[in-house]
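Kindly produce the complete structure, drawing on both the sequences and the hints.
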Amino acid sequence: MDLVVKNGRLVDPARKVDAVADIVIRSGKIQSIGSATVPEIPVFDATGLIVAPGFFDIHVHLREPGTEEAETIATGGSAAVAGGFTAVAAMPNTKPPNDDPSITHYIISEARRSSPARVFPIGAITKEQKGETLAEIGEMFEAGIVGISDDGKPVMDARLFRRALEYAGMFDMPVIQHCEDLHLAKDGVMHEGVYSTRLGLKGIPAAAEETMVSRDLILAEMTGSKYHVAHLSTRRSLERVREAKSRGLRVTAEVTPHHFTLTDSAVADYDTNAKMNPPLRSSDDLAAIVEGISDGTIDAIASDHAPHHVNVKMLEFDRAAFGITGLETAVGLALTKLPLSITRLIELFSINPQKIMKVVPWGLFEGSDADLTILDLNRTWTFDVNQSRSRSRNSPFYGWPMKGKAVGTIVGGKVVFQDRT
Amino acid sequence: MLKRKDLLGIQDISREEILEILDTAESFQEVSTRPIKKVPTLRGKTIINLFFEASTRTRTSFEIAGKRLSADVVNISASTSSISKGETLIDTARTLDAMAADCVVIRHSASGAPHTLSRLTHASIINGGDGAHEHPTQALLDAYIIRKRKGRLNDLKVAIIGDIAHSRVARSNVHLLTKFGTQVWLCSAPTLMPPGVEKIVCDRSEFLHVTHSMDQAVKQADVVMMLRVQFERMSESFFPSVREYFRYYGLTRERAERAKPDVIIMHPGPINRGVEIATDVADGPYSVILDQVSAGVAVRMAILFLLLGS
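Keeping their order, the protein sequence lines are chains A and B.
Mapping of the first sequence onto this note's numbering: position 380 corresponds to residue 380, and the numbering continues sequentially without gaps.
Mapping of the second sequence onto this note's numbering: position 130 corresponds to residue 130, and the numbering continues sequentially without gaps.
Treat the hints as calculated values from the structure; they're not laboratory data.
Don't be surprised by glycine CBs; every beta carbon is placed ideally from N, CA and C.
Honestly, I wouldn't trust all of these hints.
[As the list claims (entries may be wrong)] Residues from chain B that face chain A, not an exhaustive set, calculated with beta carbons under 10 Å:
{"id": "1", "residue": "89"}
{"id": "2", "residue": "90"}
{"id": "3", "residue": "110"}
{"id": "4", "residue": "165"}
{"id": "5", "residue": "167"}
{"id": "6", "residue": "194"}
{"id": "7", "residue": "202"}
[What the hints assert, rightly or not] Covered, in the sense of this in silico footprint (three residues per stretch, anywhere, with C-beta under 8 Å from a C-beta of chain B), are these stretches of chain A:
{"id": "8", "segment": "68-78"}
{"id": "9", "segment": "317-324"}
Shown next, in the form of structure tokens:
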């Protein structure tokens, strides 16, 4: 695909780019950056807009194969580009789970066929995500996975988790842990604290996450492998990661937008769209996460997009499924709620996610895949869940006013989403 | 009349509303002493008792209360309804609404189930106990007894002892009694004390105290409220044995004597004799356990009348 992106402010912190210029795209790749007059190809006028390397959401659930009533690779991909993401990493807890190269192949080929966003599959750590024996990690790596995780569940067995770290080290892939000690968290449905006590709901203590983060960091140090904390949610987890980084461990961490915008008080009135795992935490945890984003302890913002059909959400709070959608609100929430420079924001949404997953890098340089996210920092808008491109509607951000939006998404030189006024 | 559709909990109702319920209950108490225990107040109204959890006294109490007000009362329990066929609470709610019930009394093991129901139905919803959240009608009848025996609801010392973590009765009583400025002492082993409980009544925390010493809780108390140990909710180890539980948290005659001489002993029932309360105390002179049961009918008549009467 050929395209000229005209007159945008190009920002790529990895290449120290921050200037107003044009990008000429030929056959899906960036041909040149500078001042361009190429009359024969279409133009995307980016005057007054930020042009960034394509955003990459490294934690999404596309639900295909197996739960297509909630989401498909096509609808999830469509929601991704509408939220400004040119790429997503798909968690393996599908039905069947991605624990086998044939599933990996299916996801990749279906994504090529139907998804406007690029899809990088994540493989399971253990067969059927049961936490008992290692999945076919090497063969899945050859098939195209970029990391391994049993997300949705932790690997409780420390010995097995050690083996996973050692084995994945051979491929230099990150091992991504959903940190939750299942004994401490048993039957819990929200953060343990004053609100869970007042509401009479079983709590998931912060310690359920923190003890596993602590254990894993020791195993990561022992093995020297790449370890990534998914959806970090508490102050003490953050402190452990900060300390590990200061000693040079190969550890990275992501946070979700809901953990820097909402606290456990949002569960009042038993709103099941405030039910997710890890749960919304205390205001002190939220403050710590915002600090961690600013000081670099947190490497990436990832949505943990978890679509669910209304039938499994509109239930008693205890019985409702965990999780909320997030692809279309993540960038808006970050721009609205976080006190960040644009370069730091682009690191969190694009540069660091690419490094964590060790994909072939893209960015604002000649020869790169032309995957671009175009932002309007001044656009005010309101999220309307009924207009969502996701097949599901489980968002607590319905009706939230936002400032700042992805208004153009370009994948391989093709404009796959635009929202121009 | 209460200016609200539902009674979901004590947390969000005012002192004035509570007093209106208690005053109305006083006048209904007399109905239960007549030879013909019936008034025509709610004739033509339909009340559905929707019980997803086993209950004898609450369900029966609501049934009698409704019938004494001449309402039509229908009982539905989980084992006999479509619920066992997999129907969701939402569909059950809509079905009952389509039958134009005026009031649904719901008991459910999931905290918040009455709130979900309330959003989906036109009928008035009364929370008959939801999970470990609230049991507002129990707290109201407890308040009725306390006021009757002590002449007031303020400036008392009330000890609530036992399985606080799983107790909706404790939570509703904490909300109610602290609203009136009574000192409430919650007492249990730390394993049965829910985290952050001392802060659940945010603006009235000076009235709420937490201790694991039963002697401290009972000392000079005006009211001792014992809670049942809820074995059915205990999927894990909260204390080593029943014997050891009784040793630290069982109400014996000696312990009861540390309270004020005119103390009243309450229990929402059903009682585990020898687990949380000694038989001689349960049946002894300070015990108002059976008075609680009879007050329950009058208080529930008052609630039904104030929500449904016109």
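Checked hints:
no.	hint	in the structure
1	89	6 Å, holds
2	90	6 Å, holds
3	110	4 Å, holds
4	165	8 Å, holds
5	167	9 Å, holds
6	194	4 Å, holds
7	202	8 Å, holds
8	68-78	violated (count 0)
9	317-324	holds (count 3)
Against the hints set out earlier in the document, a violation occurs for number 8 only.
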